[in-house]
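Engineer: Line by line, the protein sequences are chains L and S.
Here numbering that gives the first Met the number 0 is used: the first residue of the first sequence is 0, the next is one more, and so on.
Here numbering that gives the first Met the number 0 is used: the first residue of the second sequence is 0, the next is one more, and so on.
One thing to keep in mind: the hints can contain errors.
[To be verified] BS3-like, lysine-lysine: derived pairs with alpha carbons at most 27 Å apart: (1) Lys59/L / Lys71/S; (2) Lys71/S / Lys55/S; (3) Lys111/S / Lys128/S; (4) Lys124/S / Lys98/L; (5) Lys59/L / Lys124/S.
[What the hints assert, rightly or not] Residues from chain L that face chain S, not an exhaustive set, calculated with beta carbons under 7 Å: (6) Leu60; (7) Gly101; (8) Val103; (9) Ala104; (10) Leu105.
Because the hints were derived from the structure by calculation, they are not lab data.
Every value quoted in this text rests on a predicted model; they were computed, and no experiment measured them.
Cβ atoms here follow ideal geometry from the backbone N, Cα and C, with glycine treated the same way.
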Amino acid sequence: MRLAVTLLALLGAGGFAAQPAPASGAISWRTDEPGARAESERTGRPLLVDAWADWCAACKLLERNTWADPRVQREIRAHFVPLRIDLSEEGPASEARIKTFGLVALPAVLVCSPRSCDASTRRSVGYVNAAEMLDFLRRSQTNP
Amino acid sequence: MKLLVTTLCVLLSALMSGPSEAETRPHCNLAALTAADKARDRELIPVLAAALQERKDLPDGYAYRFDQRVLKLLGEWVEIEAKCCQPLTYEVALEPQPGGGLWVRITGRDAKEFIGLEFAPLMVKLAAKDAQK
Chain L
0 MRLAVTLLAL LGAGGFAAQP APASGAISWR TDEPGARAES ERTGRPLLVD AWADWCAACK
60 LLERNTWADP RVQREIRAHF VPLRIDLSEE GPASEARIKT FGLVALPAVL VCSPRSCDAS
120 TRRSVGYVNA AEMLDFLRRS QTNP
Chain S
0 MKLLVTTLCV LLSALMSGPS EAETRPHCNL AALTAADKAR DRELIPVLAA ALQERKDLPD
60 GYAYRFDQRV LKLLGEWVEI EAKCCQPLTY EVALEPQPGG GLWVRITGRD AKEFIGLEFA
120 PLMVKLAAKD AQK
């Protein structure tokens, strides 16, 4: 009996250990919009769009403090398809994206369905810390 | 009467609504600068960086001291920056002349890290001087 209990406990422990460990590390931002939209469509997870530019200090702050936070990283990996939109270069391509997404300031983080991402999309504008971002991400899921 | 009530409601709601959340967070305004503003900003940064003599910590930002000869250029630069980098307060102070310092104090609520990063290009020459000491 004691042996059986031990075996069961070991099996139980083994079963628990066999659960996939939560992934860790930086967010794997996609940069190909069509590919990200296709993944979003396929998985049913919304797109999380990070509109940024290399001249934007608040965007760098978001990268340094917020996107680097393990809680934010876990939340994004579990529930979103992350897509990064680079507006560093001035020109027609950036202007078109600014217009399409209805952007007025950076950084802007939008939660979109694969088929609809425009000026009416839910968003967080300006630098927010990790706790505020988590709150935004969770509210976006419960109240899309 | 109905019109009066409606007007009062609209006025009250306008008075009671503060700035939106985004307006209170550090951000870079995309539409604020013209191409000419951006080009001028790029010209002014190295000139001001060369004239920067000191940076002091403030609880909610930094104070930068410049050679007083760049007063006009500093005013021009502050006008450009204030349109783009928000919501920050810029105070330019010229101490008694001749010899007094020229300061610009840049502050904002929870924005010290943002200010340090945003205005890092001003620090290039000062940081190099400090490194040589």
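Engineer: A separate judgement is required for each hint: does it hold in the structure or not?
Structural biologist: Tested hints:
no.	hint	in the structure
1	Lys59/L / Lys71/S	violated (30 Å)
2	Lys71/S / Lys55/S	holds (22 Å)
3	Lys111/S / Lys128/S	holds (23 Å)
4	Lys124/S / Lys98/L	violated (38 Å)
5	Lys59/L / Lys124/S	holds (22 Å)
6	Leu60	holds (6 Å)
7	Gly101	violated (11 Å)
8	Val103	holds (6 Å)
9	Ala104	holds (4 Å)
10	Leu105	holds (5 Å)
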